[in-house]
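Q: Chains as they are written, first to last, in this note's numbering: chain A, 1 to 511; chain B, 1001 to 1315.
Since the hints were derived computationally from the structure, they do not count as laboratory data.
Every residue, glycine too, gets a C-beta built ideally from N, C-alpha and C.
Don't take each hint at face value.
[Unchecked claim] Beta-carbon label-pair distances, calculated as ranges:
id: 1; chain 1: B; residue 1: Leu1155; chain 2: A; residue 2: Thr112; range: 34 to 44 Å
id: 2; chain 1: B; residue 1: Leu1005; chain 2: A; residue 2: Lys181; range: 52 to 62 Å
id: 3; chain 1: B; residue 1: Ser1057; chain 2: A; residue 2: Lys288; range: 50 to 60 Å
id: 4; chain 1: A; residue 1: Pro162; chain 2: B; residue 2: Thr1170; range: 31 to 41 Å
id: 5; chain 1: A; residue 1: Pro162; chain 2: B; residue 2: Thr1047; range: 15 to 25 Å
id: 6; chain 1: A; residue 1: Ala495; chain 2: B; residue 2: Gly1139; range: 33 to 43 Å
id: 7; chain 1: B; residue 1: Leu1155; chain 2: A; residue 2: Pro162; range: 46 to 56 Å
id: 8; chain 1: A; residue 1: Thr112; chain 2: B; residue 2: Ser1173; range: 25 to 35 Å
id: 9; chain 1: B; residue 1: Ala1253; chain 2: A; residue 2: Arg351; range: 46 to 56 Å
id: 10; chain 1: A; residue 1: Thr131; chain 2: B; residue 2: Thr1091; range: 23 to 33 Å
id: 11; chain 1: B; residue 1: Leu1005; chain 2: A; residue 2: Thr261; range: 52 to 62 Å
[Claimed, not checked] Lysine to aspartate or glutamate pairs mimicking EDC-like chemistry, simulated, CA-CA at most 16 Å apart:
id: 12; chain 1: A; residue 1: Lys490; chain 2: B; residue 2: Asp1160
id: 13; chain 1: A; residue 1: Lys391; chain 2: A; residue 2: Asp289
id: 14; chain 1: A; residue 1: Lys130; chain 2: B; residue 2: Asp1160
id: 15; chain 1: A; residue 1: Lys391; chain 2: A; residue 2: Asp373
[As the list claims (entries may be wrong)] Some, not all, of what chain A presents toward chain B, calculated at C-beta under 8 Å:
id: 16; residue: Gly207
id: 17; residue: Ser236
id: 18; residue: Lys297
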Amino acid sequence: MKGLRAAAALAAAAAITAGATACSSATAPSAGGKPASDAGTLTLGAALGTGTFNPWLAPDGDNEYLQLEGAVYDSLTHIGPAGQIEPGLAIRWKFTSPTTLMLTLRPGVTFTDGTPVNAAAVKANLDYAKTASPGAQQNTFIAALTTSVVNPTTVRLTSATPEPDLLTDFATGGGFIVNPKALKDPSTLTTMPAGSGPYVLTSSIPGQQWTFTRRAHYWDAAQYPYGMLVLKSYASSQAQDDALRSGQLDGAPEVATLVKTDQASGLHVEASRPEGFDGIWLADRAGKDVAALGNVKVRQALNYALDRPAIVKALAGPFGLPGSLVIPPGMPGYSQAANSYYSYDPAKARRLLAQAGYPHGFTLPVLSAPTADTLVQAIAGQLSQIGVTVKISDHTADFLSQAYSGKWPAIVFSWTPIPPAQNMYELLSPTGLGNFDHSTDAQIDSLLARTQQTQGAEQATALTQLVQAVNTDGWFLLPGYVADLYVTGKDTTCAIGQRAVCPLYSFRPAA
Amino acid sequence: MSPILKMTFGRLALALPMLFAVATATFFLQQLVPGDPGSFILGKDATQAEIRQFDASLGVNRPVLAQYSSWLGRAIRGDLGTSWTSHAPVTQTLLAAAPVTLSLAVLVMIVIVPLAVVLGTAAALNRGPADRLLQAIAGFAIALPNFWIGTGLVLLLAVDLRVFPATGYTGLSDPAQWLRSLALPVAALAIGPMMGLALQVRGAMIDVLSKDYIRSLRAAGLPPRSVLFKHALRNAMPPVITTIGFQLLGLLAGAVVIEQLFNLPGIGTVLVTSVSAHDVPLVQGAVLLFAVVVVAVNLLTDIAAAVANPRARGR
Chain A
1 MKGLRAAAAL
11 AAAAAITAGA
21 TACSSATAPS
31 AGGKPASDAG
41 TLTLGAALGT
51 GTFNPWLAPD
61 GDNEYLQLEG
71 AVYDSLTHIG
81 PAGQIEPGLA
91 IRWKFTSPTT
101 LMLTLRPGVT
111 FTDGTPVNAA
121 AVKANLDYAK
131 TASPGAQQNT
141 FIAALTTSVV
151 NPTTVRLTSA
161 TPEPDLLTDF
171 ATGGGFIVNP
181 KALKDPSTLT
191 TMPAGSGPYV
201 LTSSIPGQQW
211 TFTRRAHYWD
221 AAQYPYGMLV
231 LKSYASSQAQ
241 DDALRSGQLD
251 GAPEVATLVK
261 TDQASGLHVE
271 ASRPEGFDGI
281 WLADRAGKDV
291 AALGNVKVRQ
301 ALNYALDRPA
311 IVKALAGPFG
321 LPGSLVIPPG
331 MPGYSQAANS
341 YYSYDPAKAR
351 RLLAQAGYPH
361 GFTLPVLSAP
371 TADTLVQAIA
381 GQLSQIGVTV
391 KISDHTADFL
401 SQAYSGKWPA
411 IVFSWTPIPP
421 AQNMYELLSP
431 TGLGNFDHST
441 DAQIDSLLAR
451 TQQTQGAEQA
461 TALTQLVQAV
471 NTDGWFLLPG
481 YVADLYVTGK
491 DTTCAIGQRA
501 VCPLYSFRPA
511 A
Chain B
1001 MSPILKMTFG
1011 RLALALPMLF
1021 AVATATFFLQ
1031 QLVPGDPGSF
1041 ILGKDATQAE
1051 IRQFDASLGV
1061 NRPVLAQYSS
1071 WLGRAIRGDL
1081 GTSWTSHAPV
1091 TQTLLAAAPV
1101 TLSLAVLVMI
1111 VIVPLAVVLG
1121 TAAALNRGPA
1131 DRLLQAIAGF
1141 AIALPNFWIG
1151 TGLVLLLAVD
1161 LRVFPATGYT
1171 GLSDPAQWLR
1181 SLALPVAALA
1191 IGPMMGLALQ
1201 VRGAMIDVLS
1211 KDYIRSLRAA
1221 GLPPRSVLFK
1231 HALRNAMPPV
1241 ITTIGFQLLG
1251 LLAGAVVIEQ
1261 LFNLPGIGTV
1271 LVTSVSAHDV
1281 PLVQGAVLLF
1291 AVVVVAVNLL
1301 TDIAAAVANP
1311 RARGR
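Isolated chain A (complex conformation) (with noise of 0.2 Å):
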């Protein structure tokens, strides 16, 4: 899940580690339901593939879908600009134990049908998420919770084990409530919205286009101001980017190297802070495949090798930020001590190398995707200059199966490391998602393992050291971090903070 979970988790986690007499509650509903006036026609681009409006089988995390269901539904919690949590359908909530969240949902809200908004959808919901999707993000977070309606407005969710995120996930993509009616029958979902959000739809191309119109008497049309909203799935994003620039579009995201075009068409560019990170895992640490990446004086080689501004720049120009460590400036675990502990030294590698009894370099073999051979390639020129030989194989259907394959000793590989223990659980635990070849590290276990047990101030300490660790131990070839792009058009702003792309409760007429 993308970025903004760090703020709201670091919150939800503060308000755990109080104890169950402190509440985190919200402080106030959204603007409320005035209408507005009515702005014209929203037209966003976005690579929405054939599209379903059925929440809980759609992509999972912050992406591009949250504009899609977002139109139609309406989610427990929004995300604010600086990655806080704000009231959605739940206008407050508390945890009441670290295992135990109450929400309170807002009153008078009602689906398209006039089906009430209750406790009852949302346990629906929750109950249905869980065999909706085999392996989403949404489902596979929720499928620990047991929920239990209080009372009308009151919703009960209880977890085996502290969730201290669940606020967030209901933000992005895992708080959309749907009509219980239409959980009956969820195929219809596949074509038809069954919510209660700001729009209704009113036509739609599957695969190709949806145009929704404003709901009246919305409890928070004033965060909508535009009458109409369009929005057009794109597969290829220089056609997106084509429509951005020739005013068929006013909003989409974008890709970095696009972005400087944009620019000069007058164009405005939101930039999320740089977090996620493309890279390379030096899985085969034992040597077994490739000896020299069992020297820990080869993998820092590696490292000092890499000119980690000039590989940023030229691929994310000024939405990138150089860096090695696993987690970014900004969250918990980062140092700027160990992150500068890897400056650009060819010679330095040169001496390393040497003094592993590789003077003359080796062979490197590394899975890759096509998606990620610009930066493999920029890697591979940057190693060559040491001596070392990158040879790149391009997968793609199989890339999984062959990244758990345990045969490849370096694998491509792509992060968002937010919230940070628990992701950094999943990228190096034996059992974690990263950890392609489930190796083990007393060390690194053992920090791992006290990142899991603590909080706060201790939590932060255990994961700087975790992160110094495998920094030192030249366990990857990062390069940096990047932010996430949206433009809009000349007429147009909206507000990215940390989100993958602009919520549509962001976008605004410019001024």
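Please arrange chain B on chain A, whose structure you already have, making use of the hints.
A: Relative to the frame of chain A, chain B by itself:
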């Protein structure tokens, strides 16, 4: 039975085993794609048990021959299965996309055939600077990739001048917008094939115009227009018609790229997205549809050539 009808039935009889071969080859080639659909479609968060359950629900864990026989049985009845990603019937998805690609192909043909005939004939009749200019332009236009032409047209006419939309497709219910939405894709697809066809027409016309019977017709005092249109052009047409058939098939391949460039929801886009998504039923359906179109175009080309040239009917 007329020779043309006889030839048509003969071609159709050959088409059926060919379609069967294409369908079979497509099915078995898909089996060679590495990885299982469950792990690809469900992603990295899915457990092995979930992946196995998903694969079982798709039936891909059954023996390949059993999968093939059930797929073929359904395909013969017109049921190409259900998309693994959108859960929509494959036939429905293809039928929704077909009008877009068909619109492109028909409009391109409407543009290129008359223009190529006029340009090629004019060049054949005026073997001077105009002819050399046509050949130079044609050589240049044929060498340009259609996506490059398309990108240039978008930048100039959509982004800068905003005369045409950069992307998207409007249905035939609004004919003016339909034409507008397809203007740039058609231009991008048409320029190269049109110049190639013009060269073919030029060559065929030069060849026919040099024949003895044309000189005889002229000597007999037939009006030049009659010699040109009734005799020369008609006799030059058979190789041109064959080339048109090839151009039309080439357009299908070009449409895959152009539909991506202009975000047109046609068969090419369906094919590309289904391949990317590992959506095997949709890939099989799209490939089979392409095969049907190839067979149909070849049949129509043969019929048209036979109508234009009686000697071709017995071949």
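Q: Next step is simple, just say for each hint if it's right about the structure.
A: Checked hints:
1. Between Leu1155 (chain B) and Thr112 (chain A) the CB atoms are about 42 Å apart, so this pair conforms to the stated range of 34 to 44 Å.
2. The beta-carbon spacing between Leu1005 (chain B) and Lys181 (chain A), approximately 58 Å, falls within the hinted interval of 52 to 62 Å.
3. In this structure, Ser1057 (chain B) and Lys288 (chain A) break the distance hint of 50 to 60 Å, their C-beta atoms being roughly 37 Å apart.
4. Roughly 53 Å separates the CB atoms of Pro162 (chain A) and Thr1170 (chain B), a value that falls outside the hinted 31 to 41 Å.
5. The supplied range of 15 to 25 Å is met by Pro162 (chain A) and Thr1047 (chain B), whose beta-carbon atoms lie about 22 Å from each other.
6. Distance hint check: the CB atoms of Ala495 (chain A) and Gly1139 (chain B) are about 53 Å apart, inconsistent with the given range 33 to 43 Å.
7. At about 54 Å, the CB distance of Leu1155 (chain B) to Pro162 (chain A) agrees with the hint of 46 to 56 Å.
8. Between Thr112 (chain A) and Ser1173 (chain B) the beta carbon distance is about 27 Å. The supplied range of 25 to 35 Å therefore holds.
9. The beta-carbon spacing between Ala1253 (chain B) and Arg351 (chain A), approximately 54 Å, falls within the hinted interval of 46 to 56 Å.
10. Between Thr131 (chain A) and Thr1091 (chain B) the Cβ separation comes to about 29 Å, which falls inside the hinted range of 23 to 33 Å.
11. Against the hinted window of 52 to 62 Å, the Cβ-Cβ separation of Leu1005 (chain B) and Thr261 (chain A) comes to about 58 Å, which satisfies the hint.
12. For the suggested pair Lys490 (chain A) and Asp1160 (chain B), the alpha carbons sit about 15 Å apart, so the restraint of at most 16 Å is met.
13. Using a Cα cut-off of 16 Å, the hinted pair Lys391 (chain A) and Asp289 (chain A) holds, with the two alpha carbons roughly 14 Å apart.
14. Annotation: proposed proximity of Lys130 (chain A) to Asp1160 (chain B) is violated, straight-line Cα distance about 50 Å (limit 16 Å).
15. A C-alpha spacing of about 11 Å is found between Lys391 (chain A) and Asp373 (chain A), which places the hinted pair at or below 16 Å, so the restraint holds.
16. Annotation: interface hint on Gly207 (chain A) holds; nearest CB of chain B at approximately 6 Å, less than 8 Å.
17. The closest approach between the C-beta of Ser236 (chain A) and any C-beta of chain B is roughly 5 Å, which is under the 8 Å cut-off, so the hint is satisfied.
18. A least Cβ separation of about 32 Å between Lys297 (chain A) and chain B goes past the 8 Å threshold, and the interface hint is therefore violated.
Hint violations for this structure: numbers 3, 4, 6, 14 and 18, all remaining hints satisfied.
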